[in-house]
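> One-letter residues, chain by chain:
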Amino acid sequence: MESINESKQKKILLQGNEAIVAGALAAGCRFFAGYPITPASEISEILSVKLPEVGGTFIQMEDEIASMGAVIGASLAGVKAMTATSGPGFSLIQENLGYGCIAEVPCVIINVMRGGPSTGLPTSPSQGDVQMARWGTHGDHPIIVLAVSSVADCFSVTIKAFNLSEKYRIPVIILSDEVVAHTRESVTLPKQGQIRIFDRVKPDVPPEWYKPYADNNRGVPDMAAFGDGYRHHVTGLVHDEKGFPTQDAQEIDKFLRRIHTKVSKGFQDIQITKTHLMEDAEVCVIAYGSVARSALRAVRDARKLGVKAGLVQLVTLFPFPRKAVDTYLRQCRVAIVPEMNLGQMSREIGRVNQAGCRIVKHNRIDGQLITPEEILKHITTV
Amino acid sequence: MLERAEIIRKEYLRHDKKFPHVWCPGCGNGIIMGALLRAVHSLGLDKDEVVLASGIGCSGRMPTYVDFNTIHTTHGRALTFSTGIKLAKPGLTVMTVMGDGDSTAIGGNHFIHAARRNLNLTAIIINNSTYGMTGGQYSPTTPYGSKSTTSVYGHVEHAFSIAELAATAGASFVARSTVYHATHMEEMLKKGIEKRGFSVIEIISNCHVQHGRRNKLGGAVEMISGFKQRSVTVEKATKMSDDELEGKITIGVLADVEKPVSTEEYQRIVKEAKHKAEIITKAKEKNGVKRYEE
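Same order as they appear, the protein sequences are chains A and B. Numbered per my numbering, the first sequence spans residues 1 to 382. Numbered per my numbering, the second sequence spans residues 1 to 294.
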């Protein structure tokens, strides 16, 4: 993650949603559009106060479709932008999220997961939107999905999300959940000067040479903003390197492959996992989000009982950190995957499990957080 | 006149790979695009400072051909993208071109809220009474009794009046014109672009290929001549009875009101909030307290 020097900084008490706001502002977010929804509303409320103070803009739109449209519009005008929502609103943002993917518009979407489907469990945590975050909008599309498990994560992962979205010109989704969003923890936030910020690369060629979707060695085209003097066209149709619609099979293939490979090329940067006590682990727990915290406690307790257990915490869910997970599956005889859904991530883990490691699923969909005891029971009995 | 046409062609159209356009021969979209470019030209706007957004459908292709900052968004959502662009860079002149289905069916919610919100935006609505690109299905402005590919027995629903809808929803400026009245249309567009606040210019256009053919309204020439015959000015219309106005197209400025523009209101809030925050930060620095979250 970002290099953070924590010395001499005061501890403060923050809620997960508040920390996301702090992270967004530190990352340079200056535009927010959203629609009220539990359990994400605090993000809107706080940003409506904070954004004007830093010269930014807050707007409450008529729905989440409109919020996502406004976020993309603001980003195209050169301003870092984000929205925050929960399950039902996450369904609505999918339409314009796809636009963000094809038009390569940097932006961040916070989904504070609650129980579903439909109106579901508005005030209970869930991890039911994991596969939707990957595949929610239609068509083959690239996407980056990150998960937060603590208040400190909410701050640093939000900064990471903005940095990745700017670097790769791609919408980045952060999956939080009701537990992380509303838990208050004391954290130490770094000073602004200690945070590494990445801004989109702007063109430096004369406007008449500018091709808004031309490939380069990064696989990520330079991005001019509307009003910068680089008049160009943006469309949700598959387009050529000038941004105009194309029907040419070669151009279509080249374009669509580029927007996928730019993400796979950057996997070292994008795919983040954290490990705890994994050096000599024989049993590993693979978890993400608030469940990773229960898992960490379970793993520590298991060590006290003499079981060589470790935790692999997935910060990046997609693109799935295949290489890292594969390494741990080869190392361990059992991998326990606790999730507040019916196995959305264990399916991904199963797909990369070439070593034949035994995978034990533990799933809860009753709106309750998975406890350390439940995980510990698996660790000690497998 | 010819000189101006040459300037418009050279300066405002994109010539690299973009023509021929996708519109059918006789389509009103080209007339509207021409009037829009003439309006922008005569207002002396800097092309770098102009944004043209569109949704989906035949009208959605217009931004592709013109040399501004252009964006072809998703169906019905163009105004939401325009809202983000305008708020992020209030100095830009942001225009949004939409069709009748685009603006009042799938985008109906965004349309009324954009009017209510009263940002400084211009919406140009091409009303041809049908979904032309998808094959002539009925739209929210298809007249009662008309035939379309999804109302072959005759349409049983009633049409929206887009201009009146916009005015009721709170738009600062509302005007209507037709593709017959090219000069009038240009004037209305100019007024709409110049107006501070949300402005709507509804332009009645012809889709002889889909709507005209199925309803025996003739080709492009007959349909456009029909607009000429059926049009009455707002001034005349006020002296006519409802019966006399049946089937007529009222053209001209239908609403022009002065009220606070939310883009400008919000800029004022930002200025004040920023100023206040700076004073607090300075005071804290002076007292040696420097914490991020406050």
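Everything labelled a hint here was simulated from the structure, so no lab data went into it. Incorrect hints may appear among the rest.
Think about it this way: if two alpha-carbon atoms lie no more than 30 Å apart in a straight line, the pair counts; the simulated DSS-like pairs of lysine-lysine are [as the list claims (entries may be wrong)]:
{"no.": "1", "chain 1": "B", "residue 1": "271", "chain 2": "A", "residue 2": "202"}
{"no.": "2", "chain 1": "B", "residue 1": "47", "chain 2": "A", "residue 2": "202"}
{"no.": "3", "chain 1": "B", "residue 1": "17", "chain 2": "A", "residue 2": "211"}
{"no.": "4", "chain 1": "A", "residue 1": "10", "chain 2": "B", "residue 2": "276"}
{"no.": "5", "chain 1": "A", "residue 1": "265", "chain 2": "A", "residue 2": "167"}
{"no.": "6", "chain 1": "B", "residue 1": "10", "chain 2": "B", "residue 2": "191"}
{"no.": "7", "chain 1": "B", "residue 1": "259", "chain 2": "B", "residue 2": "239"}
{"no.": "8", "chain 1": "B", "residue 1": "190", "chain 2": "B", "residue 2": "236"}
{"no.": "9", "chain 1": "B", "residue 1": "259", "chain 2": "A", "residue 2": "242"}
Some chain A residues flagged as far from chain B (calculated, every beta-carbon gap over 12 Å) [said to hold, decoys possible]:
{"no.": "10", "residue": "119"}
{"no.": "11", "residue": "132"}
{"no.": "12", "residue": "199"}
{"no.": "13", "residue": "242"}
{"no.": "14", "residue": "360"}
{"no.": "15", "residue": "374"}
{"no.": "16", "residue": "380"}
Since the model is a prediction, treat every value here as computed from it, not as a measurement. All C-beta atoms, glycine included, are put in the ideal place defined by N, C-alpha and C.
> It remains to establish, for every hint, whether it holds in the given structure.
Hint-by-hint comparison with the structure:
Proximity of residue 271 (chain B) to residue 202 (chain A) is assessed by CA-CA distance (about 27 Å); at most 30 Å being required, the pair is judged to hold. A distance of roughly 20 Å separates the Cα atoms of residue 47 (chain B) and residue 202 (chain A); the hinted pair therefore holds under the 30 Å criterion. For a cut-off of 30 Å, the pair hint linking residue 17 (chain B) to residue 211 (chain A) stands: about 14 Å separates their Cα positions. Between residue 10 (chain A) and residue 276 (chain B) the alpha-carbon distance is near 24 Å, which keeps this suggested pair within the 30 Å criterion.
The suggested pairing of residue 265 (chain A) with residue 167 (chain A) holds, with an alpha-carbon distance near 12 Å, which does not exceed 30 Å. Taking the CA atoms of residue 10 (chain B) and residue 191 (chain B), the gap is about 24 Å. The hint holds against a cut of 30 Å. This hinted pair checks out: residue 259 (chain B) and residue 239 (chain B) have alpha carbons roughly 28 Å apart, not beyond 30 Å. The hinted pair formed by residue 190 (chain B) and residue 236 (chain B) meets the criterion: a straight-line CA distance of about 22 Å does not exceed 30 Å.
This hinted pair does not check out: residue 259 (chain B) and residue 242 (chain A) have alpha carbons roughly 41 Å apart, beyond 30 Å. Against chain B, the non-interface label of residue 119 (chain A) holds: every CB pair exceeds 12 Å, the least being about 20 Å. Every beta carbon of chain B lies more than 12 Å from that of residue 132 (chain A), the smallest distance being close to 19 Å; the non-interface claim holds. Every Cβ of chain B is farther than 12 Å from the Cβ of residue 199 (chain A); the closest lies at roughly 15 Å, confirming the non-interface assignment.
Consistency note on residue 242 (chain A): stated as away from chain B, yet its beta-carbon is not over 12 Å from all of that chain's, at 7 Å minimum. No beta-carbon of chain B is positioned within 12 Å of the beta-carbon of residue 360 (chain A); the least distance is around 41 Å. For residue 374 (chain A), the requirement that its beta carbon stay farther than 12 Å from each beta carbon of chain B is met, with the minimum near 35 Å. With a closest Cβ-Cβ approach of about 41 Å to chain B, residue 380 (chain A) is found to remain outside the 12 Å limit, as its non-interface label requires.
Hints 9, 13, counting from the list given before, are not met by this structure.
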